[in-house]
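Whenever a hint applies, use it, and build me the whole structure from the sequences.
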Amino acid sequence: MPLSVHGLRKSFNGRTVLKGVDFSVAAGELVAFLGANGSGKSTTLRCVMGITNPDSGSISIDGTALETLQGRELQQARQRMAMIFQKIHLVPRRTALDNVCAGALSRIPTVRSLSSLLLPADVQQEALDCLDRVGLADRAFDRVGRLSGGQQQRVAVARALCQRADVVLADEPVSALDPHAAEQVMALLRELAHSEGLAVAAVLHQPDLALRYADRSIGLLHGSMTFDLPSTEITADHLDTLYAPDRDVSDRDVSDRTQAA
Amino acid sequence: MTPHTLTPAVARRDSTSESRVALVRPKKPLRWITTAAVAAAVVGLHAVAIEGTDFKPGLLVDGWKGMAAFIGDAFPPDLSWEKTLRPGLEATLVTLWIGLLGTTLSVPSALLLAALAANNTSPHRLVYQAARAILSFFRAVPDIVFALIFVTAVGLGPFAGVLALICHNTGVMGKLWAESMEEIDAGPQEALRTAGANRIQQVANATLPMVVPQFVGLLLYRFDVNVRSSLVLGLVGAGGIGLLINQSIKSFQFDSMLTHILIVLVLIIVVDQFSAWIRRRLAA
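From first to last, the protein sequence lines stand for chains U and R.
Numbering-wise, the first sequence is residues 2 to 262 according to the numbering used here.
Numbering-wise, the second sequence is residues 4 to 287 according to the numbering used here.
Hint data in this document are derived by calculation from the structure and do not stem from the laboratory.
One should not assume that every hint holds.
[What the hints assert, rightly or not] Covered, in the sense of this in silico footprint (three residues per stretch, anywhere, with C-beta under 8 Å from a C-beta of chain U), are these stretches of chain R:
{"#": "1", "segment": "189-201"}
{"#": "2", "segment": "210-218"}
[As the list claims (entries may be wrong)] Far from chain U, some chain R residues (derived; all Cβ distances over 12 Å):
{"#": "3", "residue": "162"}
{"#": "4", "residue": "206"}
{"#": "5", "residue": "207"}
Ideal placement from N, C-alpha and C gives every residue a C-beta, glycine not left out.
Following this line, the structure appears as structure tokens:
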């Protein structure tokens with residue numbers, strides 16, 4: 002398993018956010034995390050990525066538990082995971098190519114990474130190949146700020162590819178995008194999982210996207226997992242449980258969407 | 004005014020007045036006391052300040068004749084080419100060069116100290132505090148004091164002025180840059196950290212590229228300020244048009260003084276227009 006997580010627990014200021022989360026993501030699989038706001042899905046991803054420190058639990062990459070590693074080895078193991086953010090987090094003033102090259106920084110000597118003019122030619126070529134894989138090779142020398150939101154998120158995916166990650170963690174990758182761009186990015190993530198064998202885990206706010214694109218969906222409610230099922234087996238009842246507190250506004254909504262899917 | 008004439012912030016489903024939400028602002032009983040206290044404090048401070056600065060408008064009214072005589076002596080400005088205009092223009096160029104070198108040559112030191120003094124790029128809390136302290140020192144010592152110090156080492160002349168501006172501008176620009184770095188979105192830097200980039204790589208590839216427009220804007224602003232500072236530096240012997248203004252006052256040639264001041268006016272307008280033009284291009 003590229004990524005497996007056991008007994009992940011986390012609390013902030015005495016409030017328990019994760020009450021023991023267990024899951025794994027296989028190579029070639031796109032797994033969606035669903036849940037209401039505050040259910041702990043983003044915290045799960047941030048703990049796995051090492052942005053937030055979990056209170057307890059074990060995170061393994063290709064069978065190696067991260068908590069047994071230290072210093073350089075830990076850093077190298079972490080670099081096999083790449084993160085995609087809701088707010089994209091590219092540098093708008095730099096070109097798409099330069100932003101993608103930044104994914105390779107851990108392999109570039111510091112002096113050669115001080116300016117885009119000094120970047121090794123092979124890294125630049127690899128970055129261009131990554132942009133080609135997300136369908137944006139023709140925009141390589143455009144400033145990222147001039148691209149649309151959906152194109153920017155695809156550049157961010159290319160940056161993750163240029164990091165040579167086997168595991169891609171996406172924290173609400175499409176929440177800031179219009180519906181059409183969201184479909185494109187989800188299709189891209191699914192394609193990367195299926196055709197390139199990446200293990201992709203994505204936190205999603207839209208159950209219909211999860212059901213249509215993810216191979217498997219995991220439901221989180223108040224920091225605990227309520228289901229971990231192939232997306233085809235998920236019913237309106239499953240989703241109702243997740244979004245129960247909002248039921249008076251959204252339950253018809255959710256079941257409608259589920260039927261549509 | 005009756006409540007019916009007010010529009011509630013919340014839209015209602017039906018418009019009959021019975022179903023409306025009553026608009027009642029929460030009362031804050033202590034608010035007017037706070038307002039009154041602040042107003043009293045401001046008035047009190049001004050009273051003390053007027054006393055402390057001998058601020059007496061009456062003196063200005065009584066002494067207007069002295070001022071009129073002084074200004075009268077200055078008119079018409081002396082426009083003779085050899086005696087006033089040519090030396091004035093040459094000295095103005097020196098002033099401009101002092102301002103230019105004082106700004107550009109302080110860029111490396113200001114950049115380094117800014118990176119160390121911004122909490123999102125500084126490598127360690129102690130380094131951060133030390134860099135802040137150094138910047139505060141360079142900012143606290145006025146450029147004119149730096150000029151006097153450097154004059155004792157390199158003698159009277161523009162070189163002392165350039166050195167003085169480099170020191171003072173390092174302090175001011177370093178602080179302004181550090182603050183603009185702290186204000187930018189931390190997201191891209193965090194993204195590169197999760198990708199395994201080291202601290203220097205994060206700063207060079209995310210933080211600095213993000214702040215380029217703010218940095219250039221502040222640099223132009225400081226160029227504008229430094230050209231004006233270098234005028235004052237001329238008064239203490241650091242060369243340039245300031246020196247000529249000082250000399251013409253001391254030799255009672257007020258008509259030459261006026262010519263020099265008019266040249267300075269043109270210089271300031273040109274510099275201001277130039278930096279406004281660059282900033283407009285950057286924003287576009």
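(request) Return the numbers of the hints above that this structure violates; sort them in rising order. (result) 4, 5
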